[in-house]
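Peer 1: One-letter residues, chain by chain:
Number of protein chains: 2
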Amino acid sequence: MLSVTILGNNSALPAHNRHPTAQVLQAEGHTMLIDCGEGTQMQMSAYKIKRNKIDHIFISHLHGDHYFGLIGLLSSLALNNRTSTLHIYAPGELQSVIRLQMKVSRGDFPYQLCFYNLDEGGIIFEDKKLSVECFKVNHRIECWGFLFREKKNLRKINIEKVNEYNVPISFFENLHRGDDFINAENELIKNEILTIAAEPSKSYAYCADTAFYEPIAEKIKGVDLVYHESTYLDADSKKAAARFHSTTKQAALIAKKAGAKKLLLGHFLHNTKRLINSKTKPARFLKTQK
Amino acid sequence: MLSVTILGNNSALPAHNRHPTAQVLQAEGHTMLIDCGEGTQMQMSAYKIKRNKIDHIFISHLHGDHYFGLIGLLSSLALNNRTSTLHIYAPGELQSVIRLQMKVSRGDFPYQLCFYNLDEGGIIFEDKKLSVECFKVNHRIECWGFLFREKKNLRKINIEKVNEYNVPISFFENLHRGDDFINAENELIKNEILTIAAEPSKSYAYCADTAFYEPIAEKIKGVDLVYHESTYLDADSKKAAARFHSTTKQAALIAKKAGAKKLLLGHFLHNTKRLINSKTKPARFLKTQK
Numbered sequence: 001m002l003s004v005t006i007l008g009n010n011s012a013l014p015a016h017n018r019h020p021t022a023q024v025l026q027a028e029g030h031t032m033l034i035d036c037g038e039g040t041q042m043q044m045s046a047y048k049i050k051r052n053k054i055d056h057i058f059i060s061h062l063h064g065d066h067y068f069g070l071i072g073l074l075s076s077l078a079l080n081n082r083t084s085t086l087h088i089y090a091p092g093e094l095q096s097v098i099r100l101q102m103k104v105s106r107g108d109f110p111y112q113l114c115f116y117n118l119d120e121g122g123i124i125f126e127d128k129k130l131s132v133e134c135f136k137v138n139h140r141i142e143c144w145g146f147l148f149r150e151k152k153n154l155r156k157i158n159i160e161k162v163n164e165y166n167v168p169i170s171f172f173e174n175l176h177r178g179d180d181f182i183n184a185e186n187e188l189i190k191n192e193i194l195t196i197a198a199e200p201s202k203s204y205a206y207c208a209d210t211a212f213y214e215p216i217a218e219k220i221k222g223v224d225l226v227y228h229e230s231t232y233l234d235a236d237s238k239k240a241a242a243r244f245h246s247t248t249k250q251a252a253l254i255a256k257k258a259g260a261k262k263l264l265l266g267h268f269l270h271n272t273k274r275l276i277n278s279k280t281k282p283a284r285f286l287k288t289q290k
Numbered sequence: 001m002l003s004v005t006i007l008g009n010n011s012a013l014p015a016h017n018r019h020p021t022a023q024v025l026q027a028e029g030h031t032m033l034i035d036c037g038e039g040t041q042m043q044m045s046a047y048k049i050k051r052n053k054i055d056h057i058f059i060s061h062l063h064g065d066h067y068f069g070l071i072g073l074l075s076s077l078a079l080n081n082r083t084s085t086l087h088i089y090a091p092g093e094l095q096s097v098i099r100l101q102m103k104v105s106r107g108d109f110p111y112q113l114c115f116y117n118l119d120e121g122g123i124i125f126e127d128k129k130l131s132v133e134c135f136k137v138n139h140r141i142e143c144w145g146f147l148f149r150e151k152k153n154l155r156k157i158n159i160e161k162v163n164e165y166n167v168p169i170s171f172f173e174n175l176h177r178g179d180d181f182i183n184a185e186n187e188l189i190k191n192e193i194l195t196i197a198a199e200p201s202k203s204y205a206y207c208a209d210t211a212f213y214e215p216i217a218e219k220i221k222g223v224d225l226v227y228h229e230s231t232y233l234d235a236d237s238k239k240a241a242a243r244f245h246s247t248t249k250q251a252a253l254i255a256k257k258a259g260a261k262k263l264l265l266g267h268f269l270h271n272t273k274r275l276i277n278s279k280t281k282p283a284r285f286l287k288t289q290k
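In the order they appear, the protein sequences are chains C and L.
Sequential numbering of the first sequence, starting at 1, is according to the working numbering.
Sequential numbering of the second sequence, starting at 1, is according to the working numbering.
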């Protein structure tokens, strides 16, 4: 299951009851948080996402609307007596900010914080089912995009057929991987007969904050869903360029060049008309049932 | 006019749609913010309090639920091109936290921040109409209470009477201050005849977070309204003492010993039943019309 929940889609200035950037990715047994603007922990309560389930946090850059909610979230986890390690991937200076805030509160954190400083693109997290890559985007300060990919899903055993063809359980692993079966009579039974195709694995790319920057399209080639910032409308492309942000049209162009199946817009300017009502129902995307 | 608006009355853990501590005091032409938990700037929008009007900020202590919203507020003021100086009174370490956060964002602040480190009790702000004192309370870390006092209001001129008794305008200042008037015939006209008594000046004391601590009562003697934290109910007085917090009963006892006219409770534990609905209407106290 891969599911993205938008907790905030606003740019820096609070407006329209929208919230600054934060997204929750539920993926392959993980609950991952991407950016953590002020009020994210309250938004998690509103969306009934359990804070303590978060195991990995990715912070794109150190503008406040992308991380000012982090220390509050970490403190609440401490007050709730979390014990499991929390992994944070971010520009290196974040660690000094968080450590200083922990120090001045004189509080003990009952869980371990593992910081990973982003300094070059590539895979920053990987397990059997999921990988996360980071890549540079083009903002006023150091800023990173993230690409989340489910690994290739295994084919499923067709119980009826394996019984019919007397396939031993010891061969099931091979079937999952796509091997054909040769029986005692030396007959070849094609894998497609014995298994059911897996649901295609999904991918999600997060690209914020950034000016229009074509190398992104190459990095996220063929992604299922891309979130791309769109602070400005097309008419304001000069402002967008000057402030290292993108327009809606530019976001669409990146998605098109990347061959992305779907595009999700966000980081709307405070005076942009509200496009998504973040107060009513959670906006969930890319959810697949297996 | 002296008016207190409660933007948040919750203790550290987010709950019940309540917000962490923040109060706005509108007093004698000032808009003063007392503590600034996460989300305070959004609460200000909800209560239609203009962020840019704030001229003085008082931070009691460096537990996150009392200051994590400050950097977001300061950043929004910068994005809104504030130019007027902002004064912040807080334990000294706050300055290093804020300066570090400003540094990592690489942003320019178009206004000046003046930090005043709280290190001993006494008057920390004073002008013609208002004074602010700080005093130590008793919490796990260095923590300060604040006492806001309007200065004695001047008596008002009774226009009808000053005309009747031919009092020259040059003597009006004396009348404001309470002097009697001696006319050309050497007759003494009592001040009470020529003026109207001013509305009594008001005072407000803010006491959070603190264990039960009797010296507070002495510091705030005769105050009109006292806000005292009441994290726990009376049944949990042992927990309260262990965590350097107070119970409702203890808050009342301090108010009584101080001879305070009114008591305002807050800093409710996250699992305390909601007593004040902070989502509906602003809770305003001590508002007087002059």
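Just so you know, these hints were derived from the structure itself, not from any lab.
All residues carry an ideal CB built from backbone N, CA and C; glycine is no exception.
A portion of the hints provided could be inaccurate.
[To be verified] Simulated crosslink set (BS3-like; lysine-lysine; CA at most 25 Å straight-line): (1) C:Lys128 / C:Lys103; (2) L:Lys249 / C:Lys136; (3) C:Lys103 / L:Lys129; (4) C:Lys152 / C:Lys48; (5) L:Lys219 / C:Lys103; (6) L:Lys136 / L:Lys48; (7) L:Lys103 / L:Lys128; (8) C:Lys129 / C:Lys103; (9) L:Lys219 / L:Lys129.
[Said to hold, decoys possible] Sample of chain C residues with no beta-carbon within 12 Å of chain L, all distances over it, derived: (10) Pro20; (11) Glu38; (12) Thr83; (13) Pro91; (14) Lys136; (15) Asp234.
Peer 1: For each hint, tell me whether it holds in the structure or not.
Peer 2: Hint check:
Restraint check: the Cα-Cα separation between Lys128 of chain C and Lys103 of chain C comes to about 37 Å, which exceeds 25 Å; the hinted pair is violated. Among the hinted pairs, Lys249 of chain L with Lys136 of chain C is inconsistent with the structure: their alpha-carbon atoms are about 57 Å apart, more than 25 Å. A C-alpha spacing of about 38 Å is found between Lys103 of chain C and Lys129 of chain L, which places the hinted pair above 25 Å, so the restraint is violated. A C-alpha spacing of about 30 Å is found between Lys152 of chain C and Lys48 of chain C, which places the hinted pair above 25 Å, so the restraint is violated.
Between the alpha carbons of Lys219 of chain L and Lys103 of chain C the distance comes to roughly 30 Å, so the proposed pair goes past 25 Å and is violated. Note on Lys136 of chain L and Lys48 of chain L: the hinted pairing is violated, with a Cα-Cα distance of about 32 Å set against a maximum of 25 Å. Annotation: proposed proximity of Lys103 of chain L to Lys128 of chain L is violated, straight-line Cα distance about 37 Å (limit 25 Å). Between the alpha carbons of Lys129 of chain C and Lys103 of chain C the distance comes to roughly 37 Å, so the proposed pair goes past 25 Å and is violated.
In summary, the hint linking Lys219 of chain L to Lys129 of chain L is supported, as the alpha carbons are separated by about 20 Å, within the 25 Å threshold. Non-interface status of Pro20 of chain C relative to chain L is broken: a Cβ of that chain comes within 12 Å, the nearest being about 8 Å off. Distance to chain L contradicts Glu38 of chain C as a non-interface residue, since its nearest Cβ pair spans about 4 Å, not more than 12 Å. Remark: the non-interface label on Thr83 of chain C is consistent with the geometry, its nearest Cβ contact in chain L lying 17 Å away (cut-off 12 Å).
Against the 12 Å criterion, Pro91 of chain C falls within the reach of chain L, whose nearest CB is about 8 Å from its own CB. Look at Lys136 of chain C: its CB is around 16 Å from the nearest CB on chain L, clear of 12 Å, so calling it non-interface holds up. Residue-level check passed: Asp234 of chain C sits 23 Å from the nearest beta carbon of chain L, beyond 12 Å.
Taken one by one, the earlier hints fail for this structure at numbers 1, 2, 3, 4, 5, 6, 7, 8, 10, 11 and 13, listed in ascending order.
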